[in-house]
Amino acid sequence: MKRTLVLAAAAAALAGQAQARDYISIVGSSTVYPFATVVAEQFGKTTDFKTPTIESTGSGGGLKLFCAGIGVEHPDVANASRRIKKSEIEKCARNGVNDVVEVKIGYDGIVFANSRKAGPVRISREQIFLALAKEVPDPNGGETLVPNPYMKWSDVDASLPGTGIEVLGPPPTSGTRDAFVELALEGGCKKIGWIKAMRKTDKKRYKAICHTVREDGAYVEAGENDNLIVQKLDANPAAFGVFGYSFLDQNSDKLQGGVVDGVAPTFENIADQSYPVSRPLYFYVKKAHVGAIPGMTEYLAEFTSEKAWGPEGYLADKGMIPMPDAERKTFSGDVKSLSNLNLAAN
Amino acid sequence: MDTSIHTSEAMVRRRAKRRAAERRFRAYGATAVALAIAALGALFASIIGNGYTAFQQTYIELEITYDPETLGLGEARDAAALSAANYPGVVKKAMRETFPEVTGRRAKRRLYGIVSSGASFILRERVLADPGLVGETRRVWVPADDDVDMLVKGHIDRDAPEAERRVKDDQIAWITRLERAGRIEKRFNTTFFTAGDSREPELAGVRGAAAGSFFTLLVTLALSFPIGVAAAVYLEEFAPTNRLTDLIEVNINNLAAVPSIIFGLLGLAVFINFFGLPRSAPLVGGLVLTLMTLPTIIIASRAALKSVPPSIREAALGMGASKMQTITHHVLPLAMPGMLTGTIIGMAQALGETAPLLMIGMVAFIVDVPGGLLDPSTALPVQIFLWADSPERAFIERTSAAIMVLLAFLITMNALAVVLRRRFERRW
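Protein chains in written order, with this note's numbering: chain A, 67 to 412; chain B, 495 to 922.
Chain B on its own, in the form it takes in the complex (with noise of 0.2 Å):
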């Protein structure tokens, strides 16, 4: 028998013990990895299971007839008569004419409520567009209600008794009809994407909620990064160390930890009471969400200066550069993909964020798209609360659908940070 120290029974043993524990060791960190995997997978199949079928709308075809006496135009066709025409009537005459059968107010009111609110909206548009039309009859597509797009993709169940469910057993006979006639479509649902918020699911839209984010960031960007880049430098390459210095650094460190709805507080105090400005306003909202993302710029970017190696400095201030020369030209840039990431990493956290703006008055009802930084406005993550929080049963599939724009933002933002932080590191 070999004696060997490396083969005796008790090494074997211990060997084996050894490599069994590493395979344990590999299978934690795996497991860990699928867990996550696997939680990820199920959030973006719960949002795009719920959510994929608000991209569409269900629409009806009309046959609109713009009788001038139906609109209570007589002979007036100027901008204020048209504007302030009764195309609702318009709506609910093609209606009857289509199911003439339908007798008794409310039957006709069940009848009438098959087609979204919004459909006398785009009549006037039409309208005050070609004011030709009155008189004319065209076929519309107009939005169907949400209830019964609701009904048409299949989350009201047909077959459930009529108490139980909104849309009542008239209604579904008068739409198998129009859907035998081919007169209901399911469409894309563009207005999901060009709407402000609205109270009736098949009219709101995210535009509003989108504008009011940018214009937020683009405060935010364009306050917290030059800011944040300088306090880092100055605190990095200047700023004697001393305990003036570690006290801001550790006022810096403990600020990125401060809850956000501290930063909003503080925003009504100082820009909505003291400055007095608007409330509501994405002016003010990119204010306070610059000084909630400043903390994680200036401590990404120190990091990054401090990821440069002290030789290039030395060898720049050798070649008888200045310092602000080293700076400007050999550290900043070697720096500033570090500097990037934690910029974007603050700029997302800035997007997802609603706690502060709830305090600034931007948790709020607004259909009108912000056109600029002082127009009232809400953000994305604000909108999609809102939602959530509405009892329409269609603002589901909607809140859903608003979370993967959501999403598919700051993937966007992330892919230009992985972008840009390439070009920055090839020069080097």
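Next comes chain A alone, as it looks inside the complex (with noise of 0.2 Å):
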């Protein structure tokens, strides 16, 4: 008798299914949630449509749902901590997804913390890269590479503290990750001269070095969990932390963010981009969708006015770091327009 209802239930489900869907739907970036869902709570609530729905899938899973095809079982929108990449772009075209609107909302700071509880920490790039990665230039000189032998900071360098290495991070399916290894390993990893100019010669090997992190368990993968290295930093002073600003921003009692490159990971720095690890953040809209879903034109609106995304909204309070008021005019303009999505531009 149950059976019978469940599956009446079911029945009616696929006919409804036919149906147009009466909420935005939108996907990606676990990075790009916490500002998403404010726009999306924001919207909800002061306008007539349905609050939308937004999955923390990750930059890449989310791309690839949201190109896997046009039509109301697909998403309408994707977050990304980083640009869309070729292969994506091509995968979309595949699927009919042709047209997409590319948004740039905001940088992201990505900041190396430790506790209140230990001194205050100045380092450079260079220095992150000697500590974290895999196999570095042999400290007794020479263009030789050897497993990382480094064991505290101030066998790094003799300014950083007498402590043991060890820095809690997210691991390799996090954008966090790939931001912090390319900005910031990579970043002091060229500022070794003959390690840059292998990027000529052997661009693959250039890679290997600059980009893989040790794993002797002096980095630490943490998790994807933000919250739960704010933890283990505040129980552990000797430990180092990498996670995005606006945790920083959030427990300024406990921690502290260290100086790189003799630049302070403060709102202000990272705005002017002279904090030199932070990314850019994007949204992906498909157009084919705007018009037919309800609330897309307002949802796009909502995210791209002032009061969201300026340097006084509600964006900037929840920690993202807004852009110059000349690249927030582009975007909101090409919003308007619907300009499309152009990989060759910026």
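Treat the hints with care, as some may be off.
[As the list claims (entries may be wrong)] Which bits of chain B does chain A cover? Going by a derived footprint, with three or more residues having C-beta under 8 Å, they are:
1. 585-592
2. 658-664
3. 770-776
4. 858-868
Worth flagging that the hints you see were computed from the coordinates, not collected in a lab. Just so it is clear, CB atoms sit at the ideal spot from N, CA and C, and this is done for glycine as well.
These two chains come separately, so use the hints to put the complex back together.
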């Protein structure tokens, strides 16, 4: 009896699916998630449209779903903490998703922080590379690589604390990790002349040197949960952590951000891009769905309004670093005219 | 000297040794139980210690003037105009009037930051419910911002240097003044039980997740219990023992041990991609969890059927009952307590599951409370996972509070199982 009822419900569900979806479906990056959700909630509460649903799938997973096709069963917007790749655009095109609008929304700083119970630290990207890479140049000189011999920070540089190297950071599946490796490790790696020269001669080897994090326990993969890293740092003043700026902002009574290359990770320094370890955040919109799904135009307008992404907007309150005025103007113009994505630009 | 074999010196020593061994053996068992209780106690203490403050929320009393000018209404009083009116402006004006000495853009921003952004929604609801409020002045209690809430609850140290905390010196001064005037109060946090998810901790609640879990489990129970019991009855009472049924049995046991994420992948491929069911829907979640709990229920039900003594079946058949009558009148009622236990264990497993829901889109930010099987929704453990990953300090206590709600559901379910079992057992 019960079973027939449920089967009937399932059949009704299948029939109902033919109808249009009346809420926006958003997927993508877990870094953009805390910002996109604020906009979605604001949008849902101040308009008559339903609140969009936002899935935190990671940038890659989100773009995969996004590019799967056109139609109500596919998401309308994909958030990403990196730019869409050429291969992903090709995949989109194969599935009929040709017209995509790219919107850059702001920046996220990646901080290298420790507990306030320990002293503040000043570190350069080169020192981060030497402390965390799997292979580093031989400390005795010469252009050879040795497995990372450094056990204490003071082994890397006498100015750093004399504690053992212990860094808690995200695992390789995370976009934060990708960005940290690319900006901090590779950024430091490039400072070493002969490795930089290798980029032209043997790009693969160059990438392997600059992008491989040591696996002997000095870098601890602490999972995707940044709150966990915050708690562990609070309990262990000797350790450092790698996570997004918004978590430092929320926990400034417990943690302090390390000064990287002479620049402290503050809101202002990340906004004017003098802080070296920051990355842009994006979302991508399926043009075919604008107009087909109710509220798309209004959601885009809400996200790109000054009260959301401006320097005084509510996204800045949540820890997102706004773009400079000119850039905001360009992108809000793109959104209004729904200009197609052009990978060659900027 | 007594030379009896029972009192010889060697025997006495051996006996002492044996008794000591027995005492140690008992002590090991008692230690194991004590360890388990201590672990459970530590878990409960940590969750309750972290979470009990979430059941209270700081409120601020504001003197709100529903001034048509500030609301941007003009002469219009229709529902559309009232719905779109400038309620945040009214809240800001009330704050400015309470602290008229505050000037400067930044200081004003900090002043407005004391009150939750949800305050304007409360005013909007009130005006929509009673348009006569426009032009009136009322004292209204509105929720405080999550940072203020944390400060009032003592989770933020007022004596820390200003740069190291999110609530600034002038904000603390304003809050202290409000506290002295009796205009700040901690109240029972009803929002936590009536609202869906929110990115503002003070506006976030578990109702949406609880409703999602309810619909999901409804589908799971409605499908897995009848199917599981029918499968168990067939396999135990009717199926011949041959290679095919052996194969089925091995497969069922195997399925019970398959990691749940696999069922999520299956659900994504079959229910969403092939049948075209919507993502994030409790119906799909329920179908996936049905697949996951079926093996557990079938195995438990078969064990329950096996434990019914054959004499009962033989007696029934001997009295002329048909096979079906034997099963439905005699065997099933006797096996029902065991089957129910298995089902409840399966349901409890399903209630605590997040991994398969990830694949079918139920790990998502969903504000609206779902009203049916096809509305987008999440589930309780997913809500806990999402909150645990949020940067705001106030979500830490809400995470623990949501865990308490989940535990309460689990305890209720288990208690229900015990009661139902007792009922059935008394009849036989």
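Taking the hints in turn, this is what the structure says about them:
Note: the region 585-592 of chain B has 0 residues with beta-carbon separation from chain A under 8 Å; the three-residue rule is not met and the coverage is violated. Here's how the region 658-664 of chain B fares: 3 of its residues keep a CB closer than 8 Å to some CB of chain A, so the rule of at least three is met and the hint holds. Given as covered by chain A, the region 770-776 of chain B passes the check, having 6 residues with a CB less than 8 Å from a CB of that chain where 3 are the minimum. Figure legend: the region 858-868 of chain B, annotated as covered by chain A; annotation consistent (7 residues with Cβ-Cβ distances under 8 Å, at least 3 required).
This entry does not satisfy hint 1, going by the numbered hints stated previously; all others are met.
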